[in-house]
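Visitor: Since the structure of chain P is provided, determine the placement of chain V on it from the hints.
Protein chains: 2
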Amino acid sequence: MRLPVSGRKIVVLRMGHRPKRDVRITTHVALVARAFGAHAMILADVVDEKLLETMRKVIESWGGRYFKLVCGIPWRKAIEEWKRLGGCVVHLTMYGENIEGSDVLERIRRDPRDVMVVVGASKVPKEVYFLADYNVAIGNQPHSEVSALAVFLDRFFQGKELIREFEDARLKIIPCPRGKKVVRLR
Amino acid sequence: MRLPVSGRKIVVLRMGHRPKRDVRITTHVALVARAFGAHAMILADVVDEKLLETMRKVIESWGGRYFKLVCGIPWRKAIEEWKRLGGCVVHLTMYGENIEGSDVLERIRRDPRDVMVVVGASKVPKEVYFLADYNVAIGNQPHSEVSALAVFLDRFFQGKELIREFEDARLKIIPCPRGKKVVRLR
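Residue numbers (my numbering), protein chains in the order written: chain P, 1 to 186; chain V, 1 to 186.
Hints are computed from structural coordinates only; laboratory data are not their basis.
Some hints here could point you the wrong way.
Intra- or inter-copy, both count: the list cannot distinguish identical chains.
[As the list claims (entries may be wrong)] For lysine to aspartate or glutamate, the following EDC-like pairs were computed, each having C-alpha atoms within a straight-line distance of at most 20 Å:
| hint | residue 1 | residue 2 |
| --- | --- | --- |
| 1 | 181 | 165 |
| 2 | 181 | 106 |
| 3 | 57 | 168 |
| 4 | 160 | 106 |
| 5 | 180 | 97 |
| 6 | 181 | 127 |
| 7 | 180 | 114 |
| 8 | 9 | 127 |
| 9 | 180 | 103 |
| 10 | 77 | 133 |
Predicted model, so just to flag it, every value in this text is computed and none were measured.
The following block holds chain P by itself, in its conformation from the complex (with noise of 0.2 Å):
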């Protein structure tokens, strides 16, 4: 199963994550990216040693060894790096353009630059608003940036990164109305 989008990267860059306070909504974050077809995460400023043996575990068990968990690149910097490569920049926030009810979505399912989605904690600084090429907001009330990225990758993938099949993959499920099936592939 090829994603729809195909030939475009897209990474997803975590910002502000507080090694203690956000440990577990940052692994969240990871997991969603890999689970909704991104390439890679980068986790801007700190190294959480936890997470990347967490995303170690789930890419052995449950495939995808593409997936690339980088830790510790300034934010600003791992930013300006992927513009000056050609990329661009959609920063989800509550304060952007509303995914729905605008042609937002559109515009950057038509642009061709690879996409780095820039998800923050708590405050992002106000830099980031005007770095960003796009500042998309998934609905304009407060959630989380685990459901914002979720719903931002299911629209721009139109859903079809759900049914992606991962290389390598050890485990497997066999969708089922009941119960749990589950595959040993080696």
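Guide: Chain V alone, transformed into the frame defined by chain P:
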């Protein structure tokens, strides 16, 4: 802005909440429930004062007083009572029928009953898979109850929940491509 699947009540049941460990994830689940058009959330088995306080403040600022958060009902009782009152139960689990590439969402949308959406934390008791009318996977990969709930509701309401107005709001965001625009309504 009325939601398209009108007349049907949507209640989220959050199970398996571990008071310290899950406090932020459960807060994100509650924020998603409100922002994505649910009418209420039940936090099963435990009372979390901090969560109640956070949601009270969010509703005070951003509106939606109709949204009810109830804590401490035993999960089995909550599900059984919901079914006794004629509602159907949708359990979100990576082992269920995939929302993409199956007709499960169509069946739920055709089902005229009110909907309880069950999201677990760590392990969900096997019984839940059998009490549920529908076990639905938002893809068969591990990610997060926060993202699973958001994508389910986004697809259930066909995106229209994201342009809904919340009554009694004190603050309102004016979507914009750069920076932040917030108006004070009262």
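Visitor: Are the hints correct? Go through all of them and say.
Guide: Here's how the hints hold up against the structure:
| no. | hint | result |
| --- | --- | --- |
| 1 | 181 <-> 165 | within (16 Å within a copy, 41 Å between copies) |
| 2 | 181 <-> 106 | neither (38 Å within a copy, 23 Å between copies) |
| 3 | 57 <-> 168 | within (13 Å within a copy, 46 Å between copies) |
| 4 | 160 <-> 106 | both (17 Å within a copy, 17 Å between copies) |
| 5 | 180 <-> 97 | between (40 Å within a copy, 11 Å between copies) |
| 6 | 181 <-> 127 | between (47 Å within a copy, 15 Å between copies) |
| 7 | 180 <-> 114 | neither (37 Å within a copy, 26 Å between copies) |
| 8 | 9 <-> 127 | neither (24 Å within a copy, 41 Å between copies) |
| 9 | 180 <-> 103 | between (40 Å within a copy, 19 Å between copies) |
| 10 | 77 <-> 133 | within (16 Å within a copy, 49 Å between copies) |
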